[in-house]
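Undergrad: Single-letter residue listing:
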Amino acid sequence: MKPRVLVLTGYGINCDYETQYAFNMPRVGGRAERVHVNDLIDGTAVGKSLGDYDILAIPGGFAHGDDIAAGKVLANKLLNHLGEQLLRFIKDGKLIIGICNGFQVLVKMGLLPAVGGRYDEQQVTLTYNDSNKFEDRWVYLSANPESRCIFTRGLDRIYLPVRHGEGKLVARDPETLRELHARGHVALQYVDEEGNLSGYPGNPNGSQDNIAGLCDPTGRIFGLMPHPEVYVYPTNHPRWTREKVPAEGMGVAVFRNAVRFIRESL
Amino acid sequence: MCALRTYRIEVGLRPEFLDAAGDSVKKNIVEDLFIPLDSVRIIRVYSILTDLPRKDVEKLRRALFTDPIIEISTLDKPLADDFSWIIEVGYKPGVTDNVGRTSREAIVDIFGDEARECAVFTSKQYIIKGKIDRRQAEAIAGGLLANDLIEQWRAVDCNEFKKDRGISLPLPIAGKQGRVIVRTFDLDVSDGELVRISKEGILSLSLEEMREIREHFHNETVGRSRSRIGLADKPTDVELECLAQTWSEHCKHKIFNASIEYEDEDGRVERIESLFRTYIKKATDEISGRVPWLVSVFHDNAGVIRFNDRWNLVMKVETHNSPSALDPYGGAITGIVGVNRDPFGTGKGCRLIFNVDTFCFAAPNYSKPLPPRLLHPKRVFKGVHRGVKDGANQSGIPDINGSIVFDERYLGKPLVFCGTGGIMPTEILGEPAHIKKANPGDFIVMTGGRIGKDGIHGATFSSEELHGESPTSAVQIGDAITQKKMTDFLLEARDLGLYRAITDNGAGGLSSSVGEMARMSNGCQLRLDKAPLKYPGLQPWEILLSEAQERMTLAVDPKKLERFLHLAERRGVEATVLGNFTDSGNFQALYNDKTVAYIDMEFLHEGVPEMRLRAAWEPPKHEEPDIPEPDDYNVMLETMLARLNVCSKESLVRQYDHEVQGMSALKPFVGAMNDGPGDAAVLKPLPDSYEGIVISSGICPRYSDIDTYHMTACAIDEATRNAVCVGGRLGSLAGLDNFCWPDPVQSDKTPDGQYKLAQLVRSNMALYDYCTAYDLPCISGKDSMKNDYMIGGVKISVPPTLLFSVLGRMDDVRKAVSMDAKKPGHFVYVVGLTRNELGGSEYFAHHGFIGNNVPKVDASLAKKTYVALAEAIDQRFVASCHDCSDGGLGVALAETAFAGGLGIDADISLITMDGALRADLLLFSESQSRFVVTVAGRKRKEFESVMGNVPCARIGKVTEAPVLKLSAGSKSPIVSADVFKLKQAWQRPLNW
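Protein sequences appear in the order of chains A and B. Under our numbering, think of the first position of the first sequence as 4, with each following residue one higher. Under our numbering, think of the first position of the second sequence as 27, with each following residue one higher.
Bear in mind the hints are in silico, worked out from the structure with no lab data behind them. Please read all numbers here as calculations on a predicted model, not as lab measurements. Even glycine gets a Cβ: it sits at the ideal position worked out from N, Cα and C.
Some residues of chain B that are not near chain A, with every Cβ distance over 10 Å (derived):
1) R34
2) D77
3) F187
4) E219
5) I255
6) E287
7) R303
8) E453
9) G523
10) R553
11) S610
12) R669
13) D795
14) A894
15) P988
Listed below are the simulated DMTMM-like cross-link pairs for lysine to aspartate or glutamate, each with C-alpha atoms no more than 20 Å apart in a straight line:
16) K85(B) x E124(A)
17) K155(B) x D108(B)
18) K150(B) x D107(B)
19) K247(A) x D701(B)
20) K85(B) x E140(B)
21) K991(B) x D1004(B)
22) K136(A) x E57(B)
23) K620(B) x D259(B)
24) K889(B) x E312(B)
25) K150(B) x E169(A)
26) K997(B) x D658(B)
27) K247(A) x E986(B)
28) K85(B) x D123(A)
29) K849(B) x E246(A)
30) K247(A) x D838(B)
31) K821(B) x D778(B)
32) K463(B) x D521(B)
33) K983(B) x E968(B)
34) K136(A) x D701(B)
35) K85(B) x D102(B)
36) K278(B) x E234(B)
37) K841(B) x D714(B)
38) K136(A) x E676(B)
39) K53(B) x D133(A)
40) K841(B) x E251(A)
All chains should be built: construct the whole structure from the sequences, respecting the hints.
TA: Spelled out as structure tokens, the structure:
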């Protein structure tokens, strides 16, 4: 049985097709479906409930136009209507990934980073880039080998695009920021070509400690600003016409790790 | 039930956090208005009109509107303190407030039906610290922060603020229910009176057209059928407005369909019955016998071509010039979100997979006095860019190709070209997807946004020059999310077969969308009172004409209606039945069961009298410059690279998402540092195949000053060679033509109309000649013919401008080539023939001249070149290939080198040229059909053999040392420049 993946759609989510495809690639092996937010909310009516799936993916986009603040309105909607179901989903050992706008949603729901197992409070935020610009730019990322994150297992350095205007990670207080590091919540950091933590444009948004991706205490909920789903073919790489690039796009492993985990654990 | 009251929530960043948005406002004030300031911070204001109790609003403040990590907020208490001035900016009544709409939705989501009555109005406060006076504060408000057309503002200093305990703006509540009035027009009046009726009503109908309408209503049969349903033999306002929209230049392309008498420079006279039919359509018709992939051209909202057995490609390019002149942000976002609906409303609809955009502005450093009603070109530029960026990014459609052109004559009207492409299955549920049909009895259903007074008279307004009385109601603000919700829903409905036909509501609103679809069934009964309104108080004619955005009109089979409406509801999309399609032969509109319009379908669509125009061509003669050879070629090359029409647009283009949907195979910027200027975009649209799409464009309005025939040839050639650069092939490319012309109709306002019309004729002649030569069929196009500004005796006309876009297919994206030099040791070639063609060039423009030797395209040589080069690329002989255009070879060689982070050492005297050219003329001539190509040593023989029959000169090598070294036959180089320094010069001018 292929692990079942629910890819959320609707209300301005716009990376749903490519996220679905990334999970469905033969070399990943998932079975992903796009499901509209409203169909999930009144699940019984259409025979689609969160419990039927192993992995929940909240893709990138501009849910509700990012009006008020990025991800905020969708976060509220999911909390209001699916809060209980989501906690059960997490408790059942399943996986959640939020990419870009999806990461913003998870953070604003309080599901990430959930330091101390607190899934009911917002501990960090993602806000306007220091440049005050939306930018589409490829960045180098370093995965933290100490992190529990399921999705980044075995990864070292990867190269992916960011495409956002509100990706600057800010923690509630210095204590929270310390905890993020100490307890392995930091899964990905922005680095320069040589692997050093550096400033703009290496760190495209001014995130504290160059944080690009976070996981919860279990490592099963993961959010990141960069887009692994658009580096799945060699020709997605911005320099494939001049450099030797790997036969497999560097984003693929993120999805394969998730599918493999479900295969092995559930 | 409590009474409604207003609460005011103010939200700002905690003082310890950087306010990036405030900082960039400060930067704009300092750099654009030259007003020094200490700081600007921003407070967001939500004014909530609701019957919810205070404790619930308090909950909203905390849980919805305030970020607990970085923000603070207040309820009904001013947040600002410690400042010099505050400026608050909010919308005027009726203007789209997207954040307000979302806020309301979020509140209803939390409190359910109890909160239904609520409305949210947003505004922004700019908290300014610094020594400025009232005059400066008002200049900041009116000159930068607010646009008086759509926004209201107040500026107060700290004393006033204390005295008034804060600041507030009136709530922009729109519209009151009034009496429904349908007027009739008496057209049995003098000619002068007819002209007055047309002008005052912004109908843009000519005297001849007004007379034609009068005649029609005098017709006995018409009168009899009208009296049967209780209408007089005079048109109602609904009818007259509907005719004016349908007959507008914008919708009917009267100039392109006119009968034209054209006299050339030798006095030979030729009669042309419709430029469109004689040149554009004729070319496509001829080519259709030679290419097998044309599916649907010219008659639908966008052109359709075959991609493979399973998929078709759809594309359309539009302009949104007049609205962008008045409100650059709103105009441009409406432009991009609006053109999305064209391919979406083609056939049974398609998934949108790319956007393109090209802008024409006056230079952002314009420093002369501004004529009345015009915004400064830098403000126009920034507003248009932000509008397209927001519209495209929020829609999740990658923006992959375009350019920005500068010329002082775009001061009067900027040109904003926006285009969109889509992909549709060849068949849906066993039926061809590109064919649609509305049957008699089908329901007219409108989906998406609601109707307001926005954009009324957009079609007729854009059929006029910008003048003192241009209506402010013509401005709309696009709402990408409402549209995204609607298109997501409609794609689902399409695949379930829930509708039969679809079209978009653009110019002319329902009048145009229903009017057009009713041609398929031959009539309709449209019930205007059923239309969902944003606010009360619209008259029937306003409902019919409103250009409120984000709406599609559909024909739904009665058997499918319930399922259609049910799915719409589940997707949170408003869908409303507005009547039926009929076969009555009449366009009938009703309000509360009373007929308010009853127009014969044939008269509506075919009744417009043909225009008869005269065109006379006289070639202009410009001074032929005698420019001294530059002392220092390094400096000259840097100067050319830094010209606005040449320099990098990266800082602006990077703000567009160019790879959402994951199809990108060649991005706008390529090379060692991802910053070299790509020639064309390549997409890989299907997950299971390497077949690709090539998208490119060409535009060169400067050449119009000499001859629009050659301007057009060059634009077509530029678009084609850009496509060839990356791996496109003749025979697999389709074209889209977008003409933006100054008014070419001779009149008191336009004494040189015959010349401008001759320019249009010549442009079309070239289009026919070159499209047929290249087997490049046009599949869709648009014209915008009144790009003039005229107020108080000042007239500014745009130079005749053609944007030519190319959409093509390539078999394998893995064969695509980028423009950056790849490796030291590779050979450098210049392909194509260089002539003394600097007329209209950037080099002459730099010296203040136009000249006369405009570049001419040798179609047969160009064709041979493109065939050979495409073959070389297909055989993988080519390492890099770069188009040679504005700024000539000098610029192309520099770009090739610095994009690769490498040097080039070459002898330019080896370039194939016509006669002996001085080095500067050789470097900066803009002869067409040329490329800079690099080739690995081991492919040299094969490459040269494939290129054997076309001009192709090996001139040097790529070097490890990052230096561009160019000699001209002698030992000592004329150019010897650090490529990174050249790149800096190229990147600096627009690095905002």
